[in-house]
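Novice: So the chains spell out like this:
Protein chains: 2
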Amino acid sequence: MDDLVANLKVALGSSGVLTGPAAAEKAQGGWSKLGAPKIVLRPASTDEVAQALKLCHAAGEAIVPWGGKTGLVEGGEADGRIALSLDRMNKIEEIDVAAGTATVQAGCVLQTVCEAVEAAGALFPLDLGARGSATIGGNISTNAGGNRVIRYGMMRDMVLGLEAVLADGTVISSMNHLIKNNAGYDLKQLFLGSEGTLGVVTRAVLRLRPKPLSQDTAYVAVEDFEQLPKFLRHMERALGGTLSAFEVMWEDFYKLVTTEPAKGKAPLEYGHPYYVLVESMGGNQEDDSARFEKALMASLESGEVVDAVIAKNQAERDAMWSLRDDVGQVARNFPIFTFDVSLKISDMESYIAEVREGLQAKWPESSLMVFGHLGDGNLHVIPGSLPAHNAETRKAVEQIVYAALRKRGGSVSAEHGIGLEKRPYLGWTRSPEEVALMRVLKAALDPKNILNPGKVLEPVVAHAKAAE
Amino acid sequence: MDDLVANLKVALGSSGVLTGPAAAEKAQGGWSKLGAPKIVLRPASTDEVAQALKLCHAAGEAIVPWGGKTGLVEGGEADGRIALSLDRMNKIEEIDVAAGTATVQAGCVLQTVCEAVEAAGALFPLDLGARGSATIGGNISTNAGGNRVIRYGMMRDMVLGLEAVLADGTVISSMNHLIKNNAGYDLKQLFLGSEGTLGVVTRAVLRLRPKPLSQDTAYVAVEDFEQLPKFLRHMERALGGTLSAFEVMWEDFYKLVTTEPAKGKAPLEYGHPYYVLVESMGGNQEDDSARFEKALMASLESGEVVDAVIAKNQAERDAMWSLRDDVGQVARNFPIFTFDVSLKISDMESYIAEVREGLQAKWPESSLMVFGHLGDGNLHVIPGSLPAHNAETRKAVEQIVYAALRKRGGSVSAEHGIGLEKRPYLGWTRSPEEVALMRVLKAALDPKNILNPGKVLEPVVAHAKAAE
Numbered sequence: 014m015d016d017l018v019a020n021l022k023v024a025l026g027s028s029g030v031l032t033g034p035a036a037a038e039k040a041q042g043g044w045s046k047l048g049a050p051k052i053v054l055r056p057a058s059t060d061e062v063a064q065a066l067k068l069c070h071a072a073g074e075a076i077v078p079w080g081g082k083t084g085l086v087e088g089g090e091a092d093g094r095i096a097l098s099l100d101r102m103n104k105i106e107e108i109d110v111a112a113g114t115a116t117v118q119a120g121c122v123l124q125t126v127c128e129a130v131e132a133a134g135a136l137f138p139l140d141l142g143a144r145g146s147a148t149i150g151g152n153i154s155t156n157a158g159g160n161r162v163i164r165y166g167m168m169r170d171m172v173l174g175l176e177a178v179l180a181d182g183t184v185i186s187s188m189n190h191l192i193k194n195n196a197g198y199d200l201k202q203l204f205l206g207s208e209g210t211l212g213v214v215t216r217a218v219l220r221l222r223p224k225p226l227s228q229d230t231a232y233v234a235v236e237d238f239e240q241l242p243k244f245l246r247h248m249e250r251a252l253g254g255t256l257s258a259f260e261v262m263w264e265d266f267y268k269l270v271t272t273e274p275a276k277g278k279a280p281l282e283y284g285h286p287y288y289v290l291v292e293s294m295g296g297n298q299e300d301d302s303a304r305f306e307k308a309l310m311a312s313l314e315s316g317e318v319v320d321a322v323i324a325k326n327q328a329e330r331d332a333m334w335s336l337r338d339d340v341g342q343v344a345r346n347f348p349i350f351t352f353d354v355s356l357k358i359s360d361m362e363s364y365i366a367e368v369r370e371g372l373q374a375k376w377p378e379s380s381l382m383v384f385g386h387l388g389d390g391n392l393h394v395i396p397g398s399l400p401a402h403n404a405e406t407r408k409a410v411e412q413i414v415y416a417a418l419r420k421r422g423g424s425v426s427a428e429h430g431i432g433l434e435k436r437p438y439l440g441w442t443r444s445p446e447e448v449a450l451m452r453v454l455k456a457a458l459d460p461k462n463i464l465n466p467g468k469v470l471e472p473v474v475a476h477a478k479a480a481e
Numbered sequence: 014m015d016d017l018v019a020n021l022k023v024a025l026g027s028s029g030v031l032t033g034p035a036a037a038e039k040a041q042g043g044w045s046k047l048g049a050p051k052i053v054l055r056p057a058s059t060d061e062v063a064q065a066l067k068l069c070h071a072a073g074e075a076i077v078p079w080g081g082k083t084g085l086v087e088g089g090e091a092d093g094r095i096a097l098s099l100d101r102m103n104k105i106e107e108i109d110v111a112a113g114t115a116t117v118q119a120g121c122v123l124q125t126v127c128e129a130v131e132a133a134g135a136l137f138p139l140d141l142g143a144r145g146s147a148t149i150g151g152n153i154s155t156n157a158g159g160n161r162v163i164r165y166g167m168m169r170d171m172v173l174g175l176e177a178v179l180a181d182g183t184v185i186s187s188m189n190h191l192i193k194n195n196a197g198y199d200l201k202q203l204f205l206g207s208e209g210t211l212g213v214v215t216r217a218v219l220r221l222r223p224k225p226l227s228q229d230t231a232y233v234a235v236e237d238f239e240q241l242p243k244f245l246r247h248m249e250r251a252l253g254g255t256l257s258a259f260e261v262m263w264e265d266f267y268k269l270v271t272t273e274p275a276k277g278k279a280p281l282e283y284g285h286p287y288y289v290l291v292e293s294m295g296g297n298q299e300d301d302s303a304r305f306e307k308a309l310m311a312s313l314e315s316g317e318v319v320d321a322v323i324a325k326n327q328a329e330r331d332a333m334w335s336l337r338d339d340v341g342q343v344a345r346n347f348p349i350f351t352f353d354v355s356l357k358i359s360d361m362e363s364y365i366a367e368v369r370e371g372l373q374a375k376w377p378e379s380s381l382m383v384f385g386h387l388g389d390g391n392l393h394v395i396p397g398s399l400p401a402h403n404a405e406t407r408k409a410v411e412q413i414v415y416a417a418l419r420k421r422g423g424s425v426s427a428e429h430g431i432g433l434e435k436r437p438y439l440g441w442t443r444s445p446e447e448v449a450l451m452r453v454l455k456a457a458l459d460p461k462n463i464l465n466p467g468k469v470l471e472p473v474v475a476h477a478k479a480a481e
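Residue numbers (the numbering used here), protein chains in the order written: chain E, 14 to 481; chain A, 14 to 481.
In case anyone wonders, no lab produced these hints; they're calculated from the structure.
Each hint should be verified, as a subset may be incorrect.
It does not matter which identical chain is used: a pair holds within one copy or between any two.
[What the hints assert, rightly or not] Cross-link-like lysine-lysine pairs, in silico, PhoX-like; alpha carbons within 25 Å at most:
#1 K51 to K268
#2 K104 to K224
#3 K357 to K224
#4 K243 to K224
#5 K104 to K357
#6 K408 to K104
#7 K276 to K51
#8 K224 to K307
#9 K278 to K325
#10 K104 to K22
#11 K276 to K375
#12 K420 to K307
#13 K268 to K22
Please put together the full structure from these sequences, using the hints given.
Specialist: So, in structure tokens, the structure goes:
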């Protein structure tokens with residue numbers, strides 16, 4: 014180990030290799046459970062990442078890649094291991110609005126990239142709560158989702174090319190700038206959403222979109238769940254291609270973020286089971302506002318929605334979004350556990366009813382907050398007011414939330430990933446053949462199992478033991 | 014071999030195993046160069062595909078998957094081999110408009126699927142010239158592009174889940190119906206665009222879109238190449254999210270498809286270097302037409318375009334599209350060779366000039382037809398009136414077309430794939446490390462190299478010999 018540290022210091026410089034308290038300190042300050050790494054590497058270039066991986070590969074030492082430390086599933090857990098932070102690789106290399114591309118290093122913070130792109134006159138559409146800390150590399154490794162998937166897709170749809178370093182230090186530079194490129198296998202897909210287990214992403218070419226010239230935002234109240242998908246399809250059709258958000262809140266959550274100590278005010282009266290934040294982004298403010306209002310009026314007339322309020326200015330728009338973003342209020346129901354599931358919209362009503370019933374039967378005092386990106390089939394489900402915040406309670410809650418999901422063919426992770434936290438439930442969403450094929454890929458790309466080992470897939474040894 | 018045929022007949026039934034003249038006949042009737050297969054298998058179910066692969070795998074016999082036989086790069090070439098046609102697996106299993114999904118077997122013809130989805134009230138947006146014969150399985154295997162990529166993406170963006178059979182007969186059923194699913198590696202990506210070399214696609218879950226309620230189509234004339242990207246960005250912005258096609262024709266091609274014996278009439282006068290077919294699909298015909306006209310007027314005023322004509326009815330719209338679809342006219346310049354390249358829009362003008370110059374220098378009588386999906390960076394480049402249609406001429410033309418492309422970091426295949434035809438040039442677009450990683454994937458998923466061997470990647474043995 015001393016040899017390895019010495020060699021790493023030669024390759025990365027002393028400031029690129031943190032040990033002892035400096036390493037421990039580097040694990041602080043994020044949202045993620047990271048543990049206490051023995052070493053934190055801070056390479057300043059792709060070449061340094063390659064050298065670090067080559068040295069660790071030769072020594073058989075595992076590496077845990079770190080982005081913005083805002084992952085929610087323990088994907089960056091590095092207790093007693095070597096972590097590799099991309100935080101020094103935070104350069105925006107090029108923004109080319111005419112070509113519709115931004116070339117960035119993996120350690121760039123999402124919000125920084127979005128602001129720079131906007132200043133240049135275009136849009137990078139990824140938008141999520143952790144925007145101020147999450148990095149592009151982390152967004153790629155977790156295939157991030159967020160608020161605008163319904164319009165622009167997930168991170169997978171926003172990356173034209175990328176560069177990644179394989180376990181043995183080989184640099185795969187697929188810095189494609191083209192929208193269409195069918196020359197051989199699309200290798201970037203290997204690194205999108207594989208949570209750092211197949212390679213370390215170092216740079217990327219992002220796809221930019223035209224900056225919208227209009228924004229229209231409203232809250233509506235809906236009386237029956239079955240009206241929600243009808244209202245969604247109506248808005249999709251009526252707004253052409255401009256629907257950019259369709260965020261649903263169950264009434265409990267809506268109340269939570271609009272009552273003190275929350276700062277938000279309720280834009281619509283209480284008393285309805287569902288509230289929807291709906292938004293359109295288009296090309297002409299006057300025309301688009303007229304169209305948005307007409308579409309909402311039609312849904313009021315058809316009875317799909319029973320009440321609606323449209324933001325009259327940017328301040329009102331911001332206030333509407335701040336309710337949706339004030340997810341932190343769920344902590345008022347501590348102890349809580351948070352889930353990020355996806356399922357067919359047509360299954361959602363019965364699913365939530367079954368989860369609620371299961372929780373109530375076991376803990377009559379419990380609460381259940383539900384909100385999410387309904388247009389994408391993605392719900393955030395947050396049981397709270399539970400008896401304890403320990404492993405036992407968590408497991409009992411997981412059984413309730415995931416058993417009802419498994420029956421309906423849902424996914425245990427819509428956008429957060431698997432990491433360590435959801436690993437025991439991967440097989441509830443994926444078949445044994447699928448998991449076996451994931452293992453084939455892992456073994457082919459990382460035969461010594463040094464890249465974020467134990468994340469996503471159970472370690473083979475532990476797995477064999479567990480099966481005994 | 015006799016044993017294998019006998020076992021295949023037990024597994025697939027006699028009608029599922031064609032040999033001799035029946036096999037040769039099955040290779041006829043498409044656009045693709047398929048050669049003369051010794052056997053054509055016609056499995057009727059995923060289970061039969063799995064059994065066929067298992068038997069061939071055990072016998073070490075290669076399999077060449079066939080879809081609609083309209084591939085353009087010899088990806089289905091099966092001379093002296095066993096071909097596996099998916100044509101009996103042509104069932105549309107389910108169309109669920111509320112959920113936005115269609116579940117289909119791989120042998121379904123694209124147009125059949127599109128029509129069934131439209132009849133159900135939704136849109137499956139893939140649209141390309143071979144729509145009447147190309148199959149969903151082939152569209153997946155080649156990651157098909159076409160006319161609406163600018164709005165809806167490529168086939169990769171339209172597939173939520175799929176089922177594929179691996180080389181050894183293992184069925185990987187990833188029939189995901191969810192828009193968001195980050196539970197482990199996204200395995201479907203392995204089979205999208207890998208041209209049947211990593212698995213045989215048997216079924217798929219397609220993502221449907223809302224059926225557009227409006228369509229506005231126009232031709233415009235553009236005087237300088239540099240106005241084209243400006244006009245494109247202007248229309249993207251001004252039309253919100255509704256721009257659905259941006260097809261550019263160089264004047265030679267525009268003349269070709271509007272002069273006899275072509276049936277089309279020129280919607281705009283000759284004498285401009287570029288013509289653009291531009292289209293918007295939105296939610297309200299009256300509003301959208303007004304917006305479309307306003308956007309075109311603005312570009313006439315700014316000088317981005319110098320002339321424009323808007324289709325007044327469906328017949329005029331169809332006539333406009335029929336020009337773009339009348340690609341067969343290029344045969345008038347026989348001998349021709351067709352190319353499908355992608356590159357940055359800002360490089361296109363100099364690229365085409367260099368190719369034209371190279372062709373003229375060698376063959377002063379030669380012609381050059383250019384048209385394509387400019388919004389996607391994709392051009393179809395068709396040198397013609399060449400001295401001969403043989404391998405030698407072809408190679409000389411390839412050198413001119415691809416050398417100019419390589420300098421500009423373009424791709425030798427935007428949407429057609431690599432197959433056999435472009436295999437020698439894969440390394441002109443992809444790095445040695447990328448090609449090596451493709452080989453790692455191929456070896457991991459198909460260690461006996463029985464799935465469409467020799468396509469995309471040079472055979473390792475031949476490769477080693479060539480390097481000697």
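Novice: Work down the list of hints and note, for each, if the structure agrees.
Specialist: Hints, verified against the model:
no. : hint         : result
1   : K51 to K268  : neither (45 Å within a copy, 70 Å between copies)
2   : K104 to K224 : within (22 Å within a copy, 42 Å between copies)
3   : K357 to K224 : between (31 Å within a copy, 20 Å between copies)
4   : K243 to K224 : between (29 Å within a copy, 14 Å between copies)
5   : K104 to K357 : between (40 Å within a copy, 23 Å between copies)
6   : K408 to K104 : neither (42 Å within a copy, 42 Å between copies)
7   : K276 to K51  : neither (41 Å within a copy, 74 Å between copies)
8   : K224 to K307 : both (24 Å within a copy, 19 Å between copies)
9   : K278 to K325 : within (15 Å within a copy, 49 Å between copies)
10  : K104 to K22  : within (23 Å within a copy, 61 Å between copies)
11  : K276 to K375 : neither (33 Å within a copy, 74 Å between copies)
12  : K420 to K307 : neither (40 Å within a copy, 52 Å between copies)
13  : K268 to K22  : neither (54 Å within a copy, 66 Å between copies)
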